[in-house]
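Peer 1: Just need the whole structure built from these sequences, with the hints factored in.
The listed protein sequences derive, respectively, from chains F and L.
For the record, in the first sequence the residue sitting at position 110 is 269 according to our numbering, with numbers rising by one throughout.
For the record, in the second sequence the residue sitting at position 292 is 451 according to our numbering, with numbers rising by one throughout.
Derived by calculation from the structure, the hints in this document are not laboratory data.
Bear in mind that the values here come from a model prediction, so they are computed numbers and not experimental data.
Any given hint might turn out to be false.
Identical copies look the same in the list; a pair holds intra-copy or inter-copy alike.
Said to hold, decoys possible - Taking lysine to aspartate or glutamate and the EDC-like style, the derived pairs with C-alpha atoms no more than 20 Å apart in a straight line are:
(1) Lys233 x Glu194
(2) Lys346 x Glu516
(3) Lys420 x Glu204
(4) Lys201 x Asp411
(5) Lys201 x Asp425
(6) Lys233 x Glu204
2 protein chains.
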Amino acid sequence: MRDVAIIGVGLTKFGERWESGLRELMAEAGLAALEDANVESKDVEIVYGGTMASGRFIGQEHVAALLADQLGFKNIPAVRIENACASGGSALRQGYMAVASGMYNLVAVGGVEKMTDATSTEATTALGGAGDQEWELSQGITFPGLYALMARRHMYEYGTTVEQMASVAVKNHDNACKNKYAQFHKKFTISDILNSKVVADPLRILDCSPISDGAAAVILAPLEIAKKYTDTPIHIIGSAQASDTLGLSDRDKITEIKATKIAAEDAFRQAKISSKDVNVLEVHDCFTIAEILAMEDMGFYKKGQAAKAIEDGETTLNSKISVNTSGGLKGCGHPVGATGIKQAVEVTLQLRGEAGERQVNGAEIGVTHNVGGSGATSVVHVMKRHN
Amino acid sequence: MRDVAIIGVGLTKFGERWESGLRELMAEAGLAALEDANVESKDVEIVYGGTMASGRFIGQEHVAALLADQLGFKNIPAVRIENACASGGSALRQGYMAVASGMYNLVAVGGVEKMTDATSTEATTALGGAGDQEWELSQGITFPGLYALMARRHMYEYGTTVEQMASVAVKNHDNACKNKYAQFHKKFTISDILNSKVVADPLRILDCSPISDGAAAVILAPLEIAKKYTDTPIHIIGSAQASDTLGLSDRDKITEIKATKIAAEDAFRQAKISSKDVNVLEVHDCFTIAEILAMEDMGFYKKGQAAKAIEDGETTLNSKISVNTSGGLKGCGHPVGATGIKQAVEVTLQLRGEAGERQVNGAEIGVTHNVGGSGATSVVHVMKRHN
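Peer 2: Written out as structure tokens, the structure reads:
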């Protein structure tokens with residue numbers, strides 16, 4: 160197995176991108192990544208594309224071939240990965256495997272979602288496809304409703320409060336204000352969150368990540384040749400993925416995401432690190448409760464202790480551990496298929512020291528954490544600056 | 160890179176499976192493959208699932224996690240691959256790469272589609288997502304219409320006749336009569352085909368593959384340990400994939416599928432074979448013209464010569480080369496995501512000598528060919544009996 164590095168990254172602005180369709184978004188992020196990597200289209204050998212529900216949002220399946228076509232990757236293998244909201248992270252991992260195996264040298268991985276052409280009802284219905292259609296959604300629960308069940312149980316078992324959940328949103332929107340690619344550039348107070356409209360009790364609209372358009376891309380290469388392309392390769396030192404039951408009712412507990420525990424443990428073991436070594440962390444905060452679960456399930460806090468720590472400011476920028484410096488799904492936006500790749504872009508920028516106003520001082524090791532559905536898929540990557 | 164073998168296969172009956180949903184179909188094929196491979200669920204290390212449009216057909220994305228859940232693959236990585244009608248073949252290739260790389264030993268690959276819950280208009284619209292939504296489908300052409308353009312141009316350039324195209328359907332329905340898993344068990348004459356309803360001129364309903372439910376699965380392992388599980392491992396000696404422009408209008412020619420030419424050449428080179436060495440061949444006959452293109456693009460016939468050869472009976476069972484012994488997409492059915500895996504199941508059965516009434520005598524080398532859309536993806540595998 161070969162060592163794998165990220166040698167280039169690209170991102171579009173996330174948000175309501177009325178002027179751009181799926182193909183324009185992909186091209187924008189992909190071309191930026193190629194330029195950043197000093198790689199020409201013709202040299203890319205395989206491409207992976209992560210998209211969740213392009214079929215339902217805009218009628219377009221077969222998105223990886225479109226991605227290859229748009230970026231001028233003539234006739235190379237193109238593979239779409241769909242693992243709900245973890246489509247991007249899963250695509251990154253397949254790209255990592257393609258390089259690690261020795262089969263391919265230059266690999267492009269993109270993630271994209273064009274969501275705002277759908278009505279909000281259509282979008283919510285499409286996103287419900289991430290959960291168990293037969294056993295959950297068709298019974299009437301919405302996707303936010305699944306996370307609301309998890310939040311309510313977490314409050315019951317651990318005394319987690321709505322104020323603590325709101326503190327996740329406040330922090331992530333603060334960080335988003337420092338990120339020009341973020342969908343929102345507006346600060347919120349705890350009281351703003353708590354007074355926003357209820358979506359699925361106890362989750363309010365400002366506890367939920369938004370509907371977004373956007374794309375993200377990375378270029379991967381073997382570490383041994385990475386310096387040919389960039390002075391600052393980012394070494395992927397751990398890559399792991401796990402699954403769980405699609406439906407919540409089949410799980411022993413709904414106050415943890417078991418797939419995250421397994422994936423994080425595996426990735427940290429590969430990377431030979433413990434949670435204490437991590438300086439910067441992008442976690443899957445599709446809802447505020449999800450960030451609390453992630454911080455516990457990856458071992459940064461004991462179960463039931465993350466919410467208070469976040470409320471106490473331990474995860475704000477340049478505090479104990481800087482979490483969701485990009486703004487997270489909450490503030491940066493959540494174009495579903497793009498999210499897992501955007502996390503890798505953000506960690507790359509942080510480890511390169513190129514994160515500007517939101518730079519984490521002395522960031523050496525970063526982690527990305529991307530969840531599909533209510534936790535049936537979880538993907539964790541560990542990255543390190545390579546000097 | 161390690162050698163990879165198929166150690167077990169499973170299939171459901173294809174057709175209108177009113178009594179079974181997506182999860183039941185996956186479980187049926189997957190459990191059959193595990194039993195055939197003498198492998199227990201708990202020993203499978205990663206699973207790939209190919210599905211094209213489960214989101215649009217039944218509202219369910221995130222299908223690989225569901226597949227893992229249904230088959231008791233507790234907490235392993237589960238990855239859905241979507242490459243339109245080549246989703247199955249693409250998933251097989253990712254599974255192949257996972258074993259070849261040395262990262263995983265026991266890999267399950269499944270393909271599934273549950274199509275008959277949709278109305279025929281919904282199904283046709285969803286299948287249109289395989290082509291270029293913005294530049295083709297939204298302009299009013301249907302997916303059969305794209306192949307009709309290719310057929311009409313092939314007729315114009317090479318004198319291909321509707322009778323010759325019909326002979327593909329006659330042959331494949333004949334083969335399907337010998338396959339208990341096939342959707343149709345009815346023989347047709349040339350005149351039946353030519354008198355059937357026009358779908359997109361010159362293609363008639365009996366030139367088109369049907370709407371089907373079904374699933375297929377294979378278990379992969381390193382060749383070096385394959386004999387622990389089965390006396391008849393099937394060695395995958397070539398695995399290749401290529402892409403092309405999503406839309407027909409961007410191509411130099413529409414009388415060939417360039418992605419097939421590239422993928423076949425690459426796979427045959429890896430396998431160190433020429434087309435003359437192939438005894439049994441499953442090709443992507445989504446429409447009758449597609450089988451003619453495939454036979455030319457893979458080098459079995461010169462451009463413009465396949466149609467007459469098929470009409471002359473050179474590709475019927477146990478003739479010069481036995482093509483689509485399963486019945487093909489045309490006669491066996493085309494549950495989109497399952498098709499590429501079903502092709503591998505059929506070739507495995509043929510190379511094992513277990514194809515019953517439709518056994519190709521002395522089959523040593525087999526090929527599968529799976530196309531996405533109107534040719535933006537093509538996947539070719541070469542397989543050999545391992546003694």
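Peer 1: Does each hint hold? Answer for all of them.
Peer 2: Against the structure, the hints:
1. Lys233 x Glu194: within (17 Å within a copy, 41 Å between copies)
2. Lys346 x Glu516: Only inside one copy: Lys346 and Glu516 sit 16 Å apart there, 71 Å across copies, limit 20 Å.
3. Lys420 x Glu204: Classified as between; 17 Å across copies, 33 Å inside a copy.
4. Lys201 x Asp411: between (49 Å within a copy, 19 Å between copies)
5. Lys201 x Asp425: Between copies only: 18 Å across chains, 35 Å inside a chain, cut-off 20 Å.
6. Lys233 x Glu204: within (9 Å within a copy, 33 Å between copies)
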